[in-house]
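Residue numbers (the numbering used here), protein chains in the order written: chain A, 1 to 336; chain B, 1 to 94; chain C, 1 to 246.
These aren't lab readings, by the way, just hints derived from the structure by calculation.
All of these numbers come straight from a predicted model, not from anything done at the bench.
It is possible that part of the hints are untrue.
[Stated by the list, open to error] Subject to a maximum C-alpha distance of 25 Å in a straight line, what follows is the list of computed PhoX-like cross-link-like pairs (lysine-lysine):
id	chain 1	residue 1	chain 2	residue 2
1	A	Lys157	A	Lys216
2	C	Lys126	A	Lys24
3	C	Lys123	A	Lys64
[What the hints assert, rightly or not] Derived Cβ-Cβ restraints for the label pairs, each shown as a range:
id	chain 1	residue 1	chain 2	residue 2	range
4	C	Glu119	B	Phe71	53 to 61 Å
5	C	Ala195	A	Asp275	53 to 61 Å
6	A	Val315	B	His20	25 to 33 Å
7	C	Asp86	A	Ala182	42 to 50 Å
8	A	Asp275	B	Asp75	41 to 49 Å
[As the list claims (entries may be wrong)] Far from chain B, some chain A residues (derived; all Cβ distances over 12 Å):
id	residue
9	Asn17
10	Glu104
11	Lys107
12	Lys181
13	Pro201
14	Arg211
15	Arg282
A virtual CB, placed ideally from N, CA and C, is assigned to each residue, including glycine.
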Amino acid sequence: MAEAQDLEARFQARIDNEERIEPKDWMPDAYRKTLIRQISQHAHSEVIGMQPEGTWITRAPSLKRKTILLSKVQDEGGHGLYLYSAAETLGASREEMIAALHGERAKYSSIFNYPALTWADIGAIGWLVDSAAIINQIPLQRCSYGPYARAMVRICKEESFHQRQGYDIMVSLATGTPEQKAMAQDALNRWWWPSVQMFGPPDDASTHSARSMAWKIKRYSNDELRQKFIDQAVEQAKILGLEVPDPDLEWDEASGHYRTGAIDWDEFNRVVAGDGPCNRERLETHRRVHEDGAWVREAVAAYAEKQAARQAQQVAREANAGEAEQSRRVSRGREL
Amino acid sequence: MADTMPLYEVFVRARRGLEHRHAGSLRAQDAEMALQYAREIYTRRREGVSLWVVRSGDIVASQEEDAPAFFDPADDKPYRQATWYKLPEGVKNL
Amino acid sequence: MSLLDAVVGLADDALVLGHRLSEWCGRAPFLEEDLAIANTALDLLGRARTLYGYAETLGGRNEDEYAFLRDAPEFRNLLIYELPGDDFAAACARQFLVDVFDDLYLTELAASRDETLAELGAKCAKESTWHRRHSGEWLNRLGDGTAESHERMQRALEGVWGYHLELFETGPGETRLVASGVLPDRGALERRWSAAVHEAIRSATLDVPSNGRRVAGGRAGEHTEHLGIMLAEMQQLPRACPGANW
Numbered sequence: 001m002a003e004a005q006d007l008e009a010r011f012q013a014r015i016d017n018e019e020r021i022e023p024k025d026w027m028p029d030a031y032r033k034t035l036i037r038q039i040s041q042h043a044h045s046e047v048i049g050m051q052p053e054g055t056w057i058t059r060a061p062s063l064k065r066k067t068i069l070l071s072k073v074q075d076e077g078g079h080g081l082y083l084y085s086a087a088e089t090l091g092a093s094r095e096e097m098i099a100a101l102h103g104e105r106a107k108y109s110s111i112f113n114y115p116a117l118t119w120a121d122i123g124a125i126g127w128l129v130d131s132a133a134i135i136n137q138i139p140l141q142r143c144s145y146g147p148y149a150r151a152m153v154r155i156c157k158e159e160s161f162h163q164r165q166g167y168d169i170m171v172s173l174a175t176g177t178p179e180q181k182a183m184a185q186d187a188l189n190r191w192w193w194p195s196v197q198m199f200g201p202p203d204d205a206s207t208h209s210a211r212s213m214a215w216k217i218k219r220y221s222n223d224e225l226r227q228k229f230i231d232q233a234v235e236q237a238k239i240l241g242l243e244v245p246d247p248d249l250e251w252d253e254a255s256g257h258y259r260t261g262a263i264d265w266d267e268f269n270r271v272v273a274g275d276g277p278c279n280r281e282r283l284e285t286h287r288r289v290h291e292d293g294a295w296v297r298e299a300v301a302a303y304a305e306k307q308a309a310r311q312a313q314q315v316a317r318e319a320n321a322g323e324a325e326q327s328r329r330v331s332r333g334r335e336l
Numbered sequence: 001m002a003d004t005m006p007l008y009e010v011f012v013r014a015r016r017g018l019e020h021r022h023a024g025s026l027r028a029q030d031a032e033m034a035l036q037y038a039r040e041i042y043t044r045r046r047e048g049v050s051l052w053v054v055r056s057g058d059i060v061a062s063q064e065e066d067a068p069a070f071f072d073p074a075d076d077k078p079y080r081q082a083t084w085y086k087l088p089e090g091v092k093n094l
Numbered sequence: 001m002s003l004l005d006a007v008v009g010l011a012d013d014a015l016v017l018g019h020r021l022s023e024w025c026g027r028a029p030f031l032e033e034d035l036a037i038a039n040t041a042l043d044l045l046g047r048a049r050t051l052y053g054y055a056e057t058l059g060g061r062n063e064d065e066y067a068f069l070r071d072a073p074e075f076r077n078l079l080i081y082e083l084p085g086d087d088f089a090a091a092c093a094r095q096f097l098v099d100v101f102d103d104l105y106l107t108e109l110a111a112s113r114d115e116t117l118a119e120l121g122a123k124c125a126k127e128s129t130w131h132r133r134h135s136g137e138w139l140n141r142l143g144d145g146t147a148e149s150h151e152r153m154q155r156a157l158e159g160v161w162g163y164h165l166e167l168f169e170t171g172p173g174e175t176r177l178v179a180s181g182v183l184p185d186r187g188a189l190e191r192r193w194s195a196a197v198h199e200a201i202r203s204a205t206l207d208v209p210s211n212g213r214r215v216a217g218g219r220a221g222e223h224t225e226h227l228g229i230m231l232a233e234m235q236q237l238p239r240a241c242p243g244a245n246w
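So that you can see chain A by itself, here it is in the shape it has in the complex (with noise of 0.2 Å):
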């Protein structure tokens, strides 16, 4: 008993001195199952989050924007892939994650349960929903567990194309024909207030937010990070000349800040619950590919096996031999 305060009060001690936490370290449980929990949440997020931007990339209006839409989504893809990676550290395996998604027992952020409706829709995603997303992962590049501060590091550096990218063409929309400007508008009107949700309940509703903050996986609050998303999406929204959706939005000259009408939590919790628009159809679409997939793992899995047998074989035979094995593409021995 005194050991394990001992080796709590030491991780303790490590955090609170900027120290990283890695992956061979000994950490409460808790931590470690709020991290994977936060973690693969974050990886399902990029993967799900794939999906409504991804049925736009067959439709995108020019070559230009349908070339970087992909890259786009692409990248979300490879974030996935990192921070899944990042969570395996923790001795979650990506298989356990996504069997967590698909069984319900792991979300996803609830903003890819709204619909991608028109063109327009792939620039908010892109201004709104990415600033958000940046907004919450800058800090996060200074989370106390170490592979998921590097992943951050390498998101963020990859992401920071994107929100440019969506901001582009809302200036295009929003400096196009009347019907652009209206597409514009209207897809503003549906994503600005699932974005402004994106950082979660108010911190005196958020259930995890104190502890969090004492292992500093998370450094500011819910609070904070929104009211920074608030400043600057309606500077920049007064740039394209479109409408911030929120007729009790005002400019607060004592704090320097914009103020927002209530922001419909009810709603929020019923979508986070599993009754947004799409909640079911990205679960199923999810599933759908993943099955779709198992043959060709399985095909894999039994090729490396054949392959692994072949090698011993040969080896057996060139060892007779008195032969060195050579590899014919991948070079093996001495690198360094």
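Keeping the supplied structure of chain A fixed, place chains B and C upon it in accordance with the hints.
What follows is chains B and C alone, placed relative to chain A:
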């Protein structure tokens, strides 16, 4: 189980003259595919000129509980650092 | 056929295949492969855009007019590129056949007397060498994987077989461009292609199909039903808003 491809660690040499640095991991069924996916995933933005992949399971790592025995003994040997030595005023090129 | 027509034909090949591969984004059997397919798709879309750009300098239209404002009969891509490939085995089978061809063709194109095409050939040959390495591995893994994957891959090869013959056909009027050293002689590549592909198929424990089918017509604008459906999706938005900038 077919669904568990082994984990590989990816090391990227960013430029000639630099060492390979750990970039991240991926799953692949064998070395050739691991190398291909390392290229597809970790060098999309011209991050590298050379790649290593190594099965995570093949890495031999020191253990956290051994850390005191491994690393603390180096703590009391400051004489291995150049800055430990005091030089008389005006000495150059040392 | 003028140089312009030839360039548009090559651009259409790259666009249509790039689009087909882009359909895989988010649908691959595992994440690593998802990223790999997207890379190949991006290479091909980039190739298409370079070629359309060249076509425009030769007096043609701009890239988006080519891509979004032509109907299927005006597309000049070879039919093998437009086949759906929404089954992973079918996508891999088609990819391997065209990668081997592109690798050979683009390497020769790098020696074109047309400077722009030579430059493009040199750049894109490297891409196709990589694509071929990747799709070649899939041929092996699916052919020599499980009984199910073997059977799916064999069926996929049978399905695409015959469409590959169009790769070796010199189109109407192309002869002149071949004779003047601007374009590689497609027919002359068939022997090397067959040698490489047949060996790879056998080494993947699969059989070289022998269905004797011979499909052609792409360069003359005679397409399969698949292209029209693909274009309906791809072109819908720019056509609904004529004159808009995106």
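Original post:
Do the beta carbons of Asp86/C and Ala182/A sit within 42 to 50 Å of each other?
Top reply: Given range 42 to 50 Å: violated, Cβ gap about 34 Å.
Subject >> Least C-beta distance from Asn17/A to chain B larger than 12 Å >> reply: holds, 16 Å
Original post:
Has the given pair, Lys123/C with Lys64/A, been kept, meaning a C-alpha gap of at most 25 Å?
Top reply: Satisfied, since the Cα-Cα distance of roughly 20 Å is no more than 25 Å.
Original post:
Does 53 to 61 Å hold as the CB distance between Glu119/C and Phe71/B, or does it fail?
Top reply: Taking Cβ atoms as reference, Glu119/C and Phe71/B lie about 55 Å apart, which means the hint holds.
Original post:
Is Lys181/A truly not at the interface, in the sense that its beta carbon sits beyond 12 Å from all beta carbons of chain B?
Top reply: holds, 34 Å
Original post:
Taking the minimum C-beta separation from Pro201/A to chain B, is that value above 12 Å?
Top reply: holds, 32 Å
Original post:
Range hint 41 to 49 Å: satisfied by the CB atoms of Asp275/A and Asp75/B?
Top reply: violated, 58 Å
Subject >> Hinted pair Lys126/C and Lys24/A, Cα distance within 25 Å >> reply: violated, 42 Å
Subject >> Arg211/A remote from chain B - nearest C-beta pair above 12 Å >> reply: Non-interface label stands for Arg211/A: nearest chain B Cβ at 23 Å, farther than 12 Å.
Subject >> chain B versus Glu104/A - minimum CB to CB distance exceeding 12 Å, so not interface >> reply: holds, 19 Å
Original post:
Is it true that the CA of Lys157/A sits at most 25 Å from the CA of Lys216/A?
Top reply: holds, 21 Å
Original post:
Holds or violated: 25 to 33 Å for the Cβ distance of Val315/A and His20/B?
Top reply: holds, 27 Å
Checked against the numbered hints given earlier, the structure breaks hints 2, 7 and 8 and satisfies all the rest.
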